[in-house]
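Chain by chain, the residues:
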Amino acid sequence: MKETIKDKVKELLSQGKITGFVGLRQRGQDISPYVFTDPEELEELSLGDRDRPGDARYPLVGLLGDLTERFPTEIFGLLVRGCDERALRVRMADNRVTPLSPDRVIPVGFSCPPELAQACRCHKPWPDALTAGEPTPGVNLAEEPFSGDLLEEMDKWTDILNRCVKCFGCRDICPVCSCRECTVEQEAMVPQRELPPAPSFLMTRAVHMVGRCVYCGLCEQACPADIPLKSLYRLVAAAFGQDAAAPGAVTVPYYTPTGARTGE
Amino acid sequence: MKYKATLTTCPYCGCGCNFYLETVDGRLIGTLPSKTSPVNQGRLCVKGWNAHAFVQHPKRLTKPLLRKNGELTEVSWDEALDFTARRLKEIKEAGGPDALAFLASAKITNEENYLLQKLARAGVGTNNIDHCARL
Chain A
6 MKETIKDKVK ELLSQGKITG FVGLRQRGQD ISPYVFTDPE ELEELSLGDR DRPGDARYPL
66 VGLLGDLTER FPTEIFGLLV RGCDERALRV RMADNRVTPL SPDRVIPVGF SCPPELAQAC
126 RCHKPWPDAL TAGEPTPGVN LAEEPFSGDL LEEMDKWTDI LNRCVKCFGC RDICPVCSCR
186 ECTVEQEAMV PQRELPPAPS FLMTRAVHMV GRCVYCGLCE QACPADIPLK SLYRLVAAAF
246 GQDAAAPGAV TVPYYTPTGA RTGE
Chain B
10 MKYKATLTTC PYCGCGCNFY LETVDGRLIG TLPSKTSPVN QGRLCVKGWN AHAFVQHPKR
70 LTKPLLRKNG ELTEVSWDEA LDFTARRLKE IKEAGGPDAL AFLASAKITN EENYLLQKLA
130 RAGVGTNNID HCARL
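From first to last, the protein sequence lines are chains A and B.
Using the numbering used here, the letters of the first sequence map in sequence onto residues 6 to 269.
Using the numbering used here, the letters of the second sequence map in sequence onto residues 10 to 144.
In case anyone wonders, no lab produced these hints; they're calculated from the structure.
Ideal Cβ placement from N, Cα and C applies to all residues, glycine included.
Treat the hints with care, as some may be off.
To be verified - Facing chain B, a subset of chain A residues (Cβ under 8 Å, in silico):
1) 24
2) 36
3) 37
4) 171
The shape of chain B in the complex, shown without the other chains:
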């Protein structure tokens, strides 16, 4: 029986609230706001309180899915990426760069966010890029 409360930073937005991810024998069981964090002082929003919930959720996607004949089907990363790249190109050719938009995420790194906006602006040629943490 090993319980741990691991201090970390909320992945959901730019505020930087601190909380503990509680684990028992390596499995996540809960989130507790840090009382001693100067940022959130023992408080969290509804997203932060549930930050542990998705990680080991049985419905979490672990492989790419592609809709084939109306049904979501597991495919390889190669197939998923080839399909995505082909469709993005087709849409851009048919409707121009502004027919596309990109939504970045607080759950990925700064570097990945940088790369996504570079793909949007330099690669595709649109300023349609936004972020889930623009609260």
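Isolated chain A, as found in the complex:
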């Protein structure tokens, strides 16, 4: 699978179709994000698997968004799993002053193994831009726990949310978080300098994830308090009418991400 990806990226780089390929690089035991600009470097390409599948996934879409803003005329390749591609689409759909334009990125995708799809509880563990691998069966999210009624489950969630240490890791690692000013840092919405934070901290974030969350699970993996954030976002999205089995395409009334232009 990796060789197919390498061949594709080599082709894109040597034909000058992309300036760089946003992917992962392994050196020794160390796997990190990297932007490949020389086909020779691709020997070190990693798909994010070290000890088990997908144990070194990083928010590559976030990095791509940063690079396309810094280098406004360059075109980048991007290593994508199913969740990365969904995140890419969310970022492209943002109506921003400097949008992530579809012609700025060439996704090179691969499918996740069934083991990882199950561990992530992923409903679509492959991207449409599938360069390597075959589509893997997804998990039926409608059968997941925490897709019940928000009000009925609130007591249980209050205890869970009190574990939060307010590291902002869930927001910092999120591939679809790109606001210049973040609501959860605004005193008017969330009382600042409180630990544990008021429930409005994670609940406000959860509301903002409705229709945006791609259920990649990077936030959960970054959470020092083991808060099941994907489940929380799914629960809150359900309250706004999101189909549990088919996430996305739900809007929250009166909410527009900061920095977005509306009605123009």
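Dock chain B against chain A, hints included.
Chain B in isolation, oriented as in the chain A frame:
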């Protein structure tokens, strides 16, 4: 266009979390926790997540400042150190060694921390020495 993720250890406390400092063309753009670090396993606290923020911050102090007539004024290292040494001596003479306290830092080396406690204990004669990483 050169992006690098440099693996390093968090400077803020004694836990030793590993993260990547992300740079583009030599400028810091972010911090990412290392997923493969056995210490923090892809997680960080709020300080670690912001470890890159101070380095190239426009408000970062690059020269010593001394308050003169109520205003912070740039001075030479000699002047700043002379002033500090004179005031430390004066305070010790007036109030005894325990009128002084020293706060060490996780952002300096072990050797510098050692020297600071030596200055406090052997030089000034007080045990009032603590460290920002005593969490």
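Hint check:
Annotation: residue 24 of chain A was flagged as interfacial toward chain B, and the flag holds, the nearest CB pair being 6 Å apart, inside 8 Å. Taking 8 Å as the C-beta contact cut-off toward chain B, the hint placing residue 36 of chain A at the interface holds, the least distance being around 6 Å. At about 4 Å, the closest approach between the beta carbon of residue 37 of chain A and any beta carbon in chain B falls short of 8 Å, and the interface hint on this residue holds. This hint holds: residue 171 of chain A has a C-beta 6 Å from the nearest C-beta of chain B, less than the 8 Å allowed.
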